[in-house]
Amino acid sequence: MKLRIYALAYLLFLYAPIILLPLFAFNDATIIAFPLAGFTTEWFSELTQNKALHEAVKNSLFIALMTAIFSTLLGICAARAGAMANFPGKRGIIGFVMLPLVLPEIIVAVSLLVILRQVLGVNLSNWTIIAAHVLICTPFCIAILNGAFQNLDPSMEEAALDLGESRWSAFRLVTLPLVMPGIISSMLIAFTISLDEFIIAFFLTGTNPTMPVYIWGLLRFPASLPVVMALGTLLVALSIILLTLAEILRRRGIKRAGGTDKGGFL
Amino acid sequence: MSALITLTGVEKYYGDYHALRDINLTIDEGEFFSLLGPSGCGKTTLLRTIAGFEGVSGGTVMISGKDMADVPPNLRPTNMVFQSYAIFPHLSVAENVAFGLRKRQMSKADKAEAVKEALAMVGLDGYGARAAHALSGGQRQRVALARALILKPKVLLLDEPLSALDKKMREHMQVELIRLQRAVGITFILVTHDQEEALVMSDRIAVMFEGEIGQLADPETLYRRPNSRRVAEFIGKMNFINGTASATDDGAKLLVPGLGKCTVPAEQCPQGVRTGDVAIGIRPETLAILFEGDTAPRHAADAVVDEVVYYGDMTYYDVRVDDVAAPLTIAMKNLIGRPVLEVGDKARIAWDDRALVVF
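Here the protein sequences line up with chains A and B, keeping their order. Okay, so the first sequence: first residue is 15 according to our numbering, each after it adds one. Okay, so the second sequence: first residue is 2 according to our numbering, each after it adds one.
Source of the hints: derived by calculation from the structure; they are not laboratory data. Note that the coordinates shown come from a computational prediction; the quantities given were computed from them, not determined experimentally. There's no promise every hint is true.
[Stated by the list, open to error] Listed below are several chain A residues computed to face chain B (Cβ distance under 10 Å; list not exhaustive):
#  : residue
1  : L50
2  : A51
3  : D167
4  : P168
5  : M170
6  : E172
7  : A174
8  : L175
9  : D176
10 : E179
11 : S180
12 : R181
13 : S183
14 : A184
15 : P191
Here a beta-carbon is modelled for each residue, glycine too, at the ideal position from N, C-alpha and C.
Work out the full structure, taking the sequences as your base and the hints as a guide.
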């Protein structure tokens with residue numbers, strides 16, 4: 015009985031802030047406070063009319079998509095090397111590649127800003143944010159893809175080679191289909207991370223803000239708070255859907271390759 | 002028969018580790034050849050060298066008179082059955098079997114016909130549409146065999162193909178493989194650590210230790226005339242007795258403590274005839290315990306039963322003989338009317354000088 019209370023308190027602590035989002039998104043009042051005033055979808059319809067917001071969302075979607083593609087490509091290279099090849103210092107190198115996972119984002123953001131502006135003299139644009147997001151997403155992609163590649167029997171690719179395929183076609187015909195669920199799952203995770211990343215985007219954003227940066231700008235006007243709540247509600251829903259999809263695909267991939275689940279992120 | 006594969010002075014290093022040492026080997030067309038040895042002896046490395054998955058550090062690998070040094074595995078006339086079978090789980094059985102035909106210029110109908118034939122050959126008629134990941138171990142192996150044999154390679158390489166199967170299935174597949182090899186007439190090279198499997202299936206066996214070939218012979222020679230103690234110990238079971246030898250013109254006079262004296266021809270001394278201390282090897286089934294009515298043996302000695310292990314068809318006795326340090330193991334068939342002795346019983350044992358091997 016006691017344990018149940020602890021568990022409930024624990025869940026409340028984790029999810030109360032997120033539950034408040036939709037609550038106030040549908041609340042018919044500009045002030046974020048209890049008691050609730052009534053039901054409205056006004057804030058959501060306001061969302062659909064905000065041109066600047068639409069631009070920001072478009073930027074963010076483009077950045078997230080590119081980040082997903084590039085970091086997954088890098089992840090495939092690293093995971094395949096980690097799982098199939100043997101080279102001196104492999105463990106150390108893999109560990110080093112995973113390091114950005116624990117680097118404070120603010121440090122990454124500041125140092126990237128200095129390097130891009132002062133050292134390289136690059137103009138800030140969506141592409142600078144993409145580059146930075148690839149940096150922080152790649153370790154996540156490697157972690158997911160490692161699972162997919164390590165569950166793969168190394169004899170599979172050799173068997174395809176033995177049956178007359180070239181190295182590339184053996185990879186394409188056998189390895190790729192078997193790790194495809196892992197690849198999709200990796201892209202979804204990278205997409206989600208990039209979509210709501212704020213600190214780096216805030217530092218590196220050019221003239222067009224990304225969606226999180228735009229939301230941060232909105233917070234200066236109390237009247238627009240409920241709109242932010244509505245947008246937040248949509249984002250949470252999207253994140254949950256994408257992450258669930260990613261996990262389902264990861265599990266299916268392991269099953270397909272005939273391995274046992276060794277645990278992923280979720 | 003003509004030589005199909007010729008290995009000359011093959012060496013393989015992994016860093017400092019010397020995996021293959023000066024391997025010289027000729028394998029004939031249509032031969033069932035086995036590489037036998039304990040784990041880590043280099044037998045799988047040698048197989049992978051023939052397949053092309055491992056390069057050599059020295060020496061040459063020739064197949065059909067052609068140097069394979071620059072030929073990648075996909076262009077060699079070899080196909081492999083992997084230890085894990087490596088059946089592609091995302092494809093159906095038929096797609097797995099047809100995989101190697103992708104690069105061949107054949108009509109769809111011809112390919113389908115070839116797949117059907119290959120599946121029939123391994124006893125999997127009608128399994129084509131099944132999903133590969135739903136197969137049992139024995140079925141996977143048959144698919145792997147069909148997938149390799151459909152390409153009609155000159156050599157089929159089998160890497161411990163039976164080790165993942167249970168005992169009944171393994172014995173069944175041994176017979177199947179022999180039948181299959183005779184039917185297709187392709188050279189089979191089998192890697193195994195199971196001496197019985199190698200003896201049952203092979204025309205010739207190369208026994209490997211620590212990257213070297215210890216002995217290369219047909220199964221009977223390997224069993225009856227092992228050329229060293231380690232081969233004798235690896236293949237089957239053998240008793241060793243310390244004795245003394247004195248060389249004669251065409252053999253050796255032996256003094257076997259506890260058993261007696263005899264002479265053996267030079268062919269029973271694989272390491273050469275010499276005078277001095279020797280180890281005398283004798284297989285358990287060439288020793289016998291004498292029961293009433295048995296014909297008079299060439300040689301006999303008194304012993305005491307030390308241990309009895311009953312196997313149903315056979316009984317293994319460990320007996321002590323005066324002046325022999327370790328107990329001798331004797332394998333006796335449990336014939337009708339023949340009693341099974343008990344520990345402590347006195348026994349008269351028979352031995353035959355023709356069964357001795359002198360090391």
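Against the structure, the hints:
1. The beta carbon of A:L50 comes no nearer than 52 Å to any beta carbon in chain B, farther than 10 Å, and the hint placing it at the interface is violated.
2. With 10 Å as the threshold, the beta carbon of A:A51 stays out of range of chain B, its nearest partner Cβ sitting at about 55 Å, so the hint is violated.
3. The beta carbon of A:D167 comes within 5 Å of a beta carbon in chain B, closer than 10 Å, and the hint placing it at the interface holds.
4. Interface restraint check for A:P168: the shortest CB-CB distance to chain B comes to about 9 Å, inside 10 Å, so the restraint holds.
5. Satisfaction of the interface hint for A:M170 is found here, the shortest Cβ-Cβ separation to chain B being roughly 5 Å, below the 10 Å cut-off.
6. Checking A:E172 against chain B by beta carbon gives a least distance of about 6 Å; that is within 10 Å, so the hint holds.
7. For A:A174, the interface hint holds, since its Cβ comes within 10 Å of a Cβ in chain B; the closest pair sits about 7 Å apart.
8. Taking 10 Å as the C-beta cut-off, the interface hint given for A:L175 holds, the closest approach to chain B being about 5 Å.
9. With a cut of 10 Å, the hint placing A:D176 at the interface with chain B holds, because the nearest CB-to-CB distance is about 5 Å.
10. Because the closest C-beta pair between A:E179 and chain B is about 6 Å apart, less than 10 Å, the hint holds.
11. For A:S180, the shortest C-beta to C-beta distance to chain B is roughly 6 Å, which falls under 10 Å, so the interface hint holds.
12. Given hint, A:R181 at the interface with chain B, holds; its Cβ is 8 Å from that chain's nearest Cβ, closer than 10 Å.
13. Satisfaction of the interface hint for A:S183 is found here, the shortest Cβ-Cβ separation to chain B being roughly 8 Å, below the 10 Å cut-off.
14. Annotation: interface hint on A:A184 holds; nearest CB of chain B at approximately 8 Å, less than 10 Å.
15. Hint on A:P191 holds. Least Cβ distance to chain B is approximately 5 Å, under the 10 Å limit.
Taken one by one, the earlier hints fail for this structure at numbers 1, 2, listed in ascending order.
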